[in-house]
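Next come the chains, spelled out residue by residue.
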Amino acid sequence: MTMRRCLVTVAAIAATGCATTSSLPTRDSIPELKNVLFFPQTEYECGPAALATVLTSTGIETTPAALVEQVYVAGLKGSLQAELMAATRRAGRVPVALDRSIERLLDEVASGRPVLVLLNLGLKRMPVWHYAVVVGYDAGADRVTLRSGDEPRRQERLRRFLRQWQLADQWAFVATRPGEIPVTAAPESYVRALVDAEPQLGRRAAALAYDALLERWPEHSLAMFTAANRKFADADLERATDLYRRLLEQEPTHVAARNNLALVLLERGCRSDALREAELALTDTSIEPFRAEIADTLTQIESAPPQASGGGACSGG
Amino acid sequence: MNNRMTQLLGVSICALSLIGAPMVGNAGVIGAQTYLSATDRQAMLDDIDAVLARDDVRDQLERYGVDTVVAGERVAALSDRELMSLAEQFEELPAGGSLLGTIGVVFIVLLILELVGVINIFNRI
Numbered sequence: 004m005t006m007r008r009c010l011v012t013v014a015a016i017a018a019t020g021c022a023t024t025s026s027l028p029t030r031d032s033i034p035e036l037k038n039v040l041f042f043p044q045t046e047y048e049c050g051p052a053a054l055a056t057v058l059t060s061t062g063i064e065t066t067p068a069a070l071v072e073q074v075y076v077a078g079l080k081g082s083l084q085a086e087l088m089a090a091t092r093r094a095g096r097v098p099v100a101l102d103r104s105i106e107r108l109l110d111e112v113a114s115g116r117p118v119l120v121l122l123n124l125g126l127k128r129m130p131v132w133h134y135a136v137v138v139g140y141d142a143g144a145d146r147v148t149l150r151s152g153d154e155p156r157r158q159e160r161l162r163r164f165l166r167q168w169q170l171a172d173q174w175a176f177v178a179t180r181p182g183e184i185p186v187t188a189a190p191e192s193y194v195r196a197l198v199d200a201e202p203q204l205g206r207r208a209a210a211l212a213y214d215a216l217l218e219r220w221p222e223h224s225l226a227m228f229t230a231a232n233r234k235f236a237d238a239d240l241e242r243a244t245d246l247y248r249r250l251l252e253q254e255p256t257h258v259a260a261r262n263n264l265a266l267v268l269l270e271r272g273c274r275s276d277a278l279r280e281a282e283l284a285l286t287d288t289s290i291e292p293f294r295a296e297i298a299d300t301l302t303q304i305e306s307a308p309p310q311a312s313g314g315g316a317c318s319g320g
Numbered sequence: 007m008n009n010r011m012t013q014l015l016g017v018s019i020c021a022l023s024l025i026g027a028p029m030v031g032n033a034g035v036i037g038a039q040t041y042l043s044a045t046d047r048q049a050m051l052d053d054i055d056a057v058l059a060r061d062d063v064r065d066q067l068e069r070y071g072v073d074t075v076v077a078g079e080r081v082a083a084l085s086d087r088e089l090m091s092l093a094e095q096f097e098e099l100p101a102g103g104s105l106l107g108t109i110g111v112v113f114i115v116l117l118i119l120e121l122v123g124v125i126n127i128f129n130r131i
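If you're matching them up, the sequences are chains A and B in order.
Numbered by the numbering used here, the letters in the first sequence go through residues 4 to 320 in order.
Numbered by the numbering used here, the letters in the second sequence go through residues 7 to 131 in order.
Among the clues, some could well be false.
[As the list claims (entries may be wrong)] No more than 20 Å apart at the CA atoms, straight line, and that leaves these computed lysine to any residue pairs for SDA-like:
(1) A:Lys37 <-> B:Glu68
(2) A:Lys80 <-> B:Val124
(3) A:Lys127 <-> B:Leu117
(4) A:Lys127 <-> B:Glu68
(5) A:Lys37 <-> B:Thr74
[As the list claims (entries may be wrong)] Which stretches of chain B does chain A cover? Using the computed rule of at least three CB atoms under 8 Å from a CB of chain A, they are:
(6) 68-76
(7) 114-123
These are computed hints drawn from the structure, not numbers from a lab.
Built from N, CA and C at the ideal position, the CB exists for glycine as well.
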């Protein structure tokens with residue numbers, strides 16, 4: 004009896020370390036995302052299993068076994084967060100890390116997207132890391148529904164889930180098809196996610212994703228700049244010019260946009276326009292991080308053949 | 007450490023020259039990745055850092071049992087920031103797996119906490 008009480012005390016002290024102060028949200032139930040498949044984990048493979056769950060929900064055909072080679076690290080007996088993101092990119096999807104907020108997490112689930120979470124099932128100093136996928140929330144019972152381990156439908160008390168999630172630094176991400184943007188995404192974090200995924204996406208998917216980005220945030224500086232770069236890479240010089248120019252109207256000191264605009268103009272045969280933009284960029288005070296690129300741009304312009312007269316796209320002069 | 011750095015530098019110099027190749031057609035263009043790195047004060051990464059980190063993380067993966075070719079493919083899909091973070095703290099980062107990886111004293115403590123209801127993990131193995 005005494006022994007038991009002692010253990011409870013120890014446990015209580017240990018638990019205090021993990022106590023959370025954040026308030027629990029009051030919100031409507033989210034019906035379970037029934038079409039999100041469950042893959043039971045085998046041995047250490049909760050990473051591949053959880054990843055297969057979110058990837059298949061975006062239309063990718065895969066299995067945990069197929070993902071083991073991409074994310075499992077035998078020596079760690081587990082999978083690293085960054086590698087789950089990387090494997091999502093390799094599948095042609097854009098992984099977007101969510102804000103560290105339970106409200107945002109549940110907003111994503113409510114929008115129909117399963118959310119992959121890292122949990123610490125143990126203690127702060129003795130972590131037992133586990134990946135699971137949130138697929139619903141029952142407001143009445145105050146429980147979240149998880150695809151987790153060997154349980155297709157684990158109903159976890161919200162308070163307990165929160166503790167486990169907070170002990171894992173509230174890390175969560177969603178996998179999105181190129182062209183779809185998570186409902187809770189902020190423009191900066193989404194652009195970063197897209198830029199990181201771009202090399203794996205292929206030209207067509209990347210173009211689709213940047214079009215959607217511009218549609219959602221048409222005036223956002225970073226969205227305009229990166230979308231313009233994409234247009235430039237796709238040799239859509241007219242759209243690229245237009246985007247860089249609109250951005251520079253908004254933000255005349257955007258040196259990187261001005262440098263790239265100069266190069267697009269050069270590519271279009273507008274040597275004098277290009278030279279004017281590059282020289283403008285050179286005089287800007289915020290040139291420092293891009294000095295080498297701008298010098299290179301100027302060299303290119305100067306070594307280009309003289310502009311043919313009457314270039315229709317050029318302003319002349 | 008010095009030896010390792012020298013080795014990394016040797017590898018990275020080769021890697022840099024390889025990376026340089028496809029850029030020729032686009033010299034001077036400030037790409038999204040470059041722009042983000044340059045404007046992000048928290049992560050002032052330059053290309054050399056990223057290349058070093060990539061080699062380092064690939065070595066780590068190999069050391070932890072990932073096949074050489076596979077490790078190369080895996081690091082290729084990591085972002086610069088992820089590479090830096092993995093290179094710096096590979097062994098300290100969470101690796102989601104399962105309780106089967108937990109041993110000894112830790113296991114016993116967790117078992118006790120489970121029995122008194124503080125944690126709830128053993129039904130997931």
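Results of checking the hints against the structure:
no.	hint	result
1	A:Lys37 <-> B:Glu68	violated (39 Å)
2	A:Lys80 <-> B:Val124	violated (25 Å)
3	A:Lys127 <-> B:Leu117	holds (15 Å)
4	A:Lys127 <-> B:Glu68	violated (28 Å)
5	A:Lys37 <-> B:Thr74	violated (39 Å)
6	68-76	holds (count 5)
7	114-123	holds (count 7)
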